[in-house]
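Participant: Each chain, written out:
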Amino acid sequence: MKKFTSVDDIQDLDELISLATSIKAAPFADSEKGKNKTLGLLFFNPSLRTRLSTQKAALNLGMNAIVMNLNTEGWSLEFEDGAVMDGSSAEHVKEAAQVVSQYCDIIAIRSFPTLTDKEKDEEEYVINAFLKYANVPVISLEGSTEHPLQAVADALTVQEYKTIARPKVVLTWAPHPKALPHAVPNSFVKVMKKADVDFVITHPEGYNLNPEFTKGVTITHNQDEAFANADFIYAKNWSSYDDYGQILSKDPSWTVTPEKMTLTNNAKFMHCLPVRRNMIVSDAVLDSDASIVIPQANNRTYAAQAILTKILENEK
Amino acid sequence: MKKFTSVDDIQDLDELISLATSIKAAPFADSEKGKNKTLGLLFFNPSLRTRLSTQKAALNLGMNAIVMNLNTEGWSLEFEDGAVMDGSSAEHVKEAAQVVSQYCDIIAIRSFPTLTDKEKDEEEYVINAFLKYANVPVISLEGSTEHPLQAVADALTVQEYKTIARPKVVLTWAPHPKALPHAVPNSFVKVMKKADVDFVITHPEGYNLNPEFTKGVTITHNQDEAFANADFIYAKNWSSYDDYGQILSKDPSWTVTPEKMTLTNNAKFMHCLPVRRNMIVSDAVLDSDASIVIPQANNRTYAAQAILTKILENEK
Amino acid sequence: MKKFTSVDDIQDLDELISLATSIKAAPFADSEKGKNKTLGLLFFNPSLRTRLSTQKAALNLGMNAIVMNLNTEGWSLEFEDGAVMDGSSAEHVKEAAQVVSQYCDIIAIRSFPTLTDKEKDEEEYVINAFLKYANVPVISLEGSTEHPLQAVADALTVQEYKTIARPKVVLTWAPHPKALPHAVPNSFVKVMKKADVDFVITHPEGYNLNPEFTKGVTITHNQDEAFANADFIYAKNWSSYDDYGQILSKDPSWTVTPEKMTLTNNAKFMHCLPVRRNMIVSDAVLDSDASIVIPQANNRTYAAQAILTKILENEK
Numbered sequence: 001m002k003k004f005t006s007v008d009d010i011q012d013l014d015e016l017i018s019l020a021t022s023i024k025a026a027p028f029a030d031s032e033k034g035k036n037k038t039l040g041l042l043f044f045n046p047s048l049r050t051r052l053s054t055q056k057a058a059l060n061l062g063m064n065a066i067v068m069n070l071n072t073e074g075w076s077l078e079f080e081d082g083a084v085m086d087g088s089s090a091e092h093v094k095e096a097a098q099v100v101s102q103y104c105d106i107i108a109i110r111s112f113p114t115l116t117d118k119e120k121d122e123e124e125y126v127i128n129a130f131l132k133y134a135n136v137p138v139i140s141l142e143g144s145t146e147h148p149l150q151a152v153a154d155a156l157t158v159q160e161y162k163t164i165a166r167p168k169v170v171l172t173w174a175p176h177p178k179a180l181p182h183a184v185p186n187s188f189v190k191v192m193k194k195a196d197v198d199f200v201i202t203h204p205e206g207y208n209l210n211p212e213f214t215k216g217v218t219i220t221h222n223q224d225e226a227f228a229n230a231d232f233i234y235a236k237n238w239s240s241y242d243d244y245g246q247i248l249s250k251d252p253s254w255t256v257t258p259e260k261m262t263l264t265n266n267a268k269f270m271h272c273l274p275v276r277r278n279m280i281v282s283d284a285v286l287d288s289d290a291s292i293v294i295p296q297a298n299n300r301t302y303a304a305q306a307i308l309t310k311i312l313e314n315e316k
Numbered sequence: 001m002k003k004f005t006s007v008d009d010i011q012d013l014d015e016l017i018s019l020a021t022s023i024k025a026a027p028f029a030d031s032e033k034g035k036n037k038t039l040g041l042l043f044f045n046p047s048l049r050t051r052l053s054t055q056k057a058a059l060n061l062g063m064n065a066i067v068m069n070l071n072t073e074g075w076s077l078e079f080e081d082g083a084v085m086d087g088s089s090a091e092h093v094k095e096a097a098q099v100v101s102q103y104c105d106i107i108a109i110r111s112f113p114t115l116t117d118k119e120k121d122e123e124e125y126v127i128n129a130f131l132k133y134a135n136v137p138v139i140s141l142e143g144s145t146e147h148p149l150q151a152v153a154d155a156l157t158v159q160e161y162k163t164i165a166r167p168k169v170v171l172t173w174a175p176h177p178k179a180l181p182h183a184v185p186n187s188f189v190k191v192m193k194k195a196d197v198d199f200v201i202t203h204p205e206g207y208n209l210n211p212e213f214t215k216g217v218t219i220t221h222n223q224d225e226a227f228a229n230a231d232f233i234y235a236k237n238w239s240s241y242d243d244y245g246q247i248l249s250k251d252p253s254w255t256v257t258p259e260k261m262t263l264t265n266n267a268k269f270m271h272c273l274p275v276r277r278n279m280i281v282s283d284a285v286l287d288s289d290a291s292i293v294i295p296q297a298n299n300r301t302y303a304a305q306a307i308l309t310k311i312l313e314n315e316k
Numbered sequence: 001m002k003k004f005t006s007v008d009d010i011q012d013l014d015e016l017i018s019l020a021t022s023i024k025a026a027p028f029a030d031s032e033k034g035k036n037k038t039l040g041l042l043f044f045n046p047s048l049r050t051r052l053s054t055q056k057a058a059l060n061l062g063m064n065a066i067v068m069n070l071n072t073e074g075w076s077l078e079f080e081d082g083a084v085m086d087g088s089s090a091e092h093v094k095e096a097a098q099v100v101s102q103y104c105d106i107i108a109i110r111s112f113p114t115l116t117d118k119e120k121d122e123e124e125y126v127i128n129a130f131l132k133y134a135n136v137p138v139i140s141l142e143g144s145t146e147h148p149l150q151a152v153a154d155a156l157t158v159q160e161y162k163t164i165a166r167p168k169v170v171l172t173w174a175p176h177p178k179a180l181p182h183a184v185p186n187s188f189v190k191v192m193k194k195a196d197v198d199f200v201i202t203h204p205e206g207y208n209l210n211p212e213f214t215k216g217v218t219i220t221h222n223q224d225e226a227f228a229n230a231d232f233i234y235a236k237n238w239s240s241y242d243d244y245g246q247i248l249s250k251d252p253s254w255t256v257t258p259e260k261m262t263l264t265n266n267a268k269f270m271h272c273l274p275v276r277r278n279m280i281v282s283d284a285v286l287d288s289d290a291s292i293v294i295p296q297a298n299n300r301t302y303a304a305q306a307i308l309t310k311i312l313e314n315e316k
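Chains as they are written, first to last, in the UniProt record's numbering: chain B, 1 to 316; chain Z, 1 to 316; chain R, 1 to 316.
Only chain B is shown next, with the shape it has when bound in the complex (with noise of 0.2 Å):
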């Protein structure tokens, strides 16, 4: 592997999972493949699952992690071609890119996008900056419309809470208090795509995802019906992608509730975190048995150190 900014990077997603289980089973049966090679970490955006995990996959491969937080301990980045800049970024990312490539041997780097600039979102324009500038392999902590990590960890925990060999997954949209990304939705959606799974999308209308990759997809407005003999709830908020990053709803009926719940076959509920509890789902739902969102995260490692692993013995 050779980056890794979208689930369109996975070849084979089975030999992937499969290759997460077994660093499950022994996180640190690879402690010298990463030995001498550094991961930089850099954050333009808050992170906790994704900056502790990401690092704790590097260190049990024996690599070492450098974290760097952007906005606040390095320059302000320039990203146009061409800029005369005379204004308040200091650097441009062509530099920045090549710089950290020659002190680090993989980038890892979350961006999150504007929900104003939809053309700008979807040029990926940071990611694909480091991508174009970088001379080593980039990692996506989480772009502007994808955040494939989470979707690893999201298909590794379906993987091992699967019951059938063939189970309903609903990835329904649900209400909260402030407009967000597409990213994790959007992940999903392309990696439950390339699973063996009956994959439903739910939501109110006004709240298609990106039509292209939500095709050949079942989308239902119905979400009683989409939960009908459901074994996965993925619950998840987005703003609008039609009216780019605008709030339509914040309906509580769509909170993901017992009552719901009961409409599915013994679902278990599932979500990327942080999560808004009583807007998104209900106390008594996340609290219960049915909640996986605890090894959901906790899968995250194993994601991030297979993904590492992939690329670290590409290089060799």
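A portion of the hints provided could be inaccurate.
[Said to hold, decoys possible] No more than 30 Å apart at the CA atoms, straight line, and that leaves these computed lysine-lysine pairs for DSBU-like:
1) Z:Lys3 with B:Lys24
2) Z:Lys132 with B:Lys24
3) R:Lys3 with R:Lys193
4) Z:Lys24 with R:Lys120
5) B:Lys2 with R:Lys24
6) B:Lys24 with Z:Lys178
7) B:Lys24 with Z:Lys2
8) Z:Lys3 with R:Lys37
9) Z:Lys37 with B:Lys35
10) Z:Lys236 with R:Lys132
11) B:Lys132 with R:Lys24
12) B:Lys35 with R:Lys33
13) Z:Lys33 with Z:Lys132
14) B:Lys33 with Z:Lys35
15) B:Lys35 with R:Lys310
16) R:Lys120 with Z:Lys37
17) B:Lys35 with Z:Lys35
18) R:Lys35 with Z:Lys24
19) Z:Lys178 with R:Lys33
[Unchecked claim] Listing some non-contacts, in silico: residues in chain B with all C-beta distances to chain Z over 10 Å:
20) Asp14
21) Arg51
22) Ser76
23) Asp86
24) Glu160
25) Ser253
26) Asp287
Hints are computed from structural coordinates only; laboratory data are not their basis. Cβ coordinates follow ideal geometry from the N, Cα and C atoms, glycine included.
Chains Z and R: place on chain B using the hints.
Facilitator: This is chains Z and R only, laid out in the frame that chain B set:
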């Protein structure tokens, strides 16, 4: 040891100090004990000594140390049970504590008091929420009411510098421009009650510490009287406990000066640092041979390393 | 080597460059030299290259690297002797420097100048306070008046890319929207005076550097004349030294363009980065084969590793 959030968690102070002493003599002797273990250090507040010495202690034991500033690098946390999370808090401590437990083998956390809400502070709601929800041992890096790692370093320092079997140790209040927490004096009181010392507290009227903690300790409002024949002077400011969080006095006559020190038995001067020069203590004392604040700070490493050792040993 | 806060601390430049060259050829050859040693990196200001390359250098030597942003993560420091600390500064540098010396075997520190108080800046009051009070070797990560690690990387780069025994090296001022420090040009001047080069400085009138440093160096206000037959063009902006910290000119005719480069002897283009594109230098130069700014940045690791090596060796 399963947790360390209070001096009350010390079962045998002599044995702990003895462990710290032997660690200090050979700090790298157990550099395999923490192999493949990760300490997560979570900070809600500034820190110099605690941040560096606890990392150093972990590294000496071969552990990985991952530091995170929760306010700026992570998500703002909700602590209320049953909250409808439609405000600014993005993640409930229930999830945060469980999630960090997936990546870290020990969680260490710093959270200062509000000094406005006495009830909330006394509940130690941050530290206790982590204790309640984390699945791994929790260490306090200073909470609302205690700073137990400091207390271990303090006890070790007294042990090292005492010249008689049962020295007289005086905790004296001293003036400061800002309202300060009670955590350091509380923990010092608790640890001195466990030590074989003649312990006296002196402070102006209105500056009683929590009487639950000071029960049985000699308290005087006459600083000179307290200093008489003292072997150790431990200076510290705290805000009023009764008139919670208020500054009742900045009386410069309580500053520790060379004149005051002449009342003692060539006492050593101690302070947890950071210290306000010429408020808490005059330059002439702090820069004299009587001051042992630097070796006291150095002992923070060995105190932390002793606690980490005991927690790691318990796990096995 | 007992400290490294100025180019003046280099006793034998050739030997240092030779050491850096051999380290670059085998960066992990001495990975036990720093075992159980800790480098503390203290930042008062933003940093990308210095932050990453110095950490990398320490890790290559088997050292632990602990990074701390003093402004946001620690206590605000007092530097005045005898201060009555009743203001916003919580800790005196006397304690801070001694305390960090308890936890770290080498202290590295970055502190930019005020550019308003010339006297204070020239005293290097931050770096020098750490030098005075620390009990371990101190390295400058860029102070008010020097950036010596950059200078070592610069000298190494000139050594690597020169095609004749005694190349002509030109330091040219170039325009910039903000007032910048003199540390980089000062250290570059100092190191070039130690190197076997034909060294010329060119800048507009009013932009003299500290004459103490430039004594004996050819200085011209005619940039074209300076560029004639040059082998290296080192561009850098600085604010006025005489009219301290002021911007006297943003004259775009001083920008390094392809036309200007044709005056040279196929010169290599150097800059310490971050660089303002199309202010300091036009895209066409920076994106050409003449530009060696990325390998120059890469050399920061080996420069730092050479300095750390010399300091570690001195300790034994």
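Participant: Hints first: check each against the structure and report whether it holds.
Facilitator: Okay, the hints, checked on the actual structure:
For the given pair, lysine 3 of chain Z sits about 27 Å from lysine 24 of chain B by alpha-carbon distance, which is consistent with the 30 Å threshold. Using a Cα cut-off of 30 Å, the hinted pair lysine 132 of chain Z and lysine 24 of chain B holds, with the two alpha carbons roughly 26 Å apart. The straight-line distance between the Cα atoms of lysine 3 of chain R and lysine 193 of chain R is roughly 21 Å, inside the 30 Å bound, and the hint therefore holds. Distance check on the hinted pair: lysine 24 of chain Z and lysine 120 of chain R sit about 40 Å apart at the alpha-carbon level, beyond 30 Å; violated.
Of the pairs offered as hints, the one joining lysine 2 of chain B and lysine 24 of chain R holds, with about 25 Å between alpha carbons and a cut-off of 30 Å not exceeded. Straight-line distance between C-alpha atoms of lysine 24 of chain B and lysine 178 of chain Z comes to about 50 Å, which puts the hinted pair past the 30 Å bound. Annotation: proposed proximity of lysine 24 of chain B to lysine 2 of chain Z holds, straight-line Cα distance about 26 Å (limit 30 Å). At roughly 29 Å between alpha-carbon atoms, lysine 3 of chain Z and lysine 37 of chain R fall within 30 Å of each other, so this suggested pair holds.
Among the hinted pairs, lysine 37 of chain Z with lysine 35 of chain B is consistent with the structure: their alpha-carbon atoms are about 17 Å apart, no more than 30 Å. For the proposed pair lysine 236 of chain Z and lysine 132 of chain R, the alpha carbon gap of about 27 Å is at most 30 Å, so the pair holds. Between lysine 132 of chain B and lysine 24 of chain R the alpha-carbon distance is near 26 Å, which keeps this suggested pair within the 30 Å criterion. Between the alpha carbons of lysine 35 of chain B and lysine 33 of chain R the distance comes to roughly 17 Å, so the proposed pair stays at or under 30 Å and holds.
Taking the CA atoms of lysine 33 of chain Z and lysine 132 of chain Z, the gap is about 26 Å. The hint holds against a cut of 30 Å. This hinted pair checks out: lysine 33 of chain B and lysine 35 of chain Z have alpha carbons roughly 17 Å apart, not beyond 30 Å. For a cut-off of 30 Å, the pair hint linking lysine 35 of chain B to lysine 310 of chain R stands: about 24 Å separates their Cα positions. Taken as a hint, the lysine 120 of chain R and lysine 37 of chain Z pair is broken in the structure, with Cα atoms around 46 Å apart against an allowance of 30 Å.
Of the pairs offered as hints, the one joining lysine 35 of chain B and lysine 35 of chain Z holds, with about 15 Å between alpha carbons and a cut-off of 30 Å not exceeded. Restraint check for lysine 35 of chain R and lysine 24 of chain Z: the C-alpha separation of about 17 Å stays at or below 30 Å, so the hint holds. With a C-alpha separation of about 45 Å, the suggested pair lysine 178 of chain Z and lysine 33 of chain R falls outside the 30 Å cut-off, and the hint is violated. With a least CB separation of 24 Å from chain Z, aspartate 14 of chain B remains clear of the 10 Å interface cut-off, as annotated.
Interface exclusion of arginine 51 of chain B from chain Z breaks down, the closest Cβ pair being 7 Å apart, not more than 10 Å. Against the 10 Å criterion, serine 76 of chain B stays outside the reach of chain Z, whose nearest CB is about 17 Å from its own CB. In this structure aspartate 86 of chain B is separated from chain Z by more than 10 Å, as the shortest Cβ-Cβ distance comes to about 29 Å. Every beta carbon of chain Z lies more than 10 Å from that of glutamate 160 of chain B, the smallest distance being close to 14 Å; the non-interface claim holds.
Every C-beta of chain Z lies more than 10 Å from that of serine 253 of chain B, the closest at about 15 Å, which supports listing it as non-interface. Remark: the non-interface label on aspartate 287 of chain B conflicts with the geometry, its nearest Cβ contact in chain Z lying 8 Å away (cut-off 10 Å).
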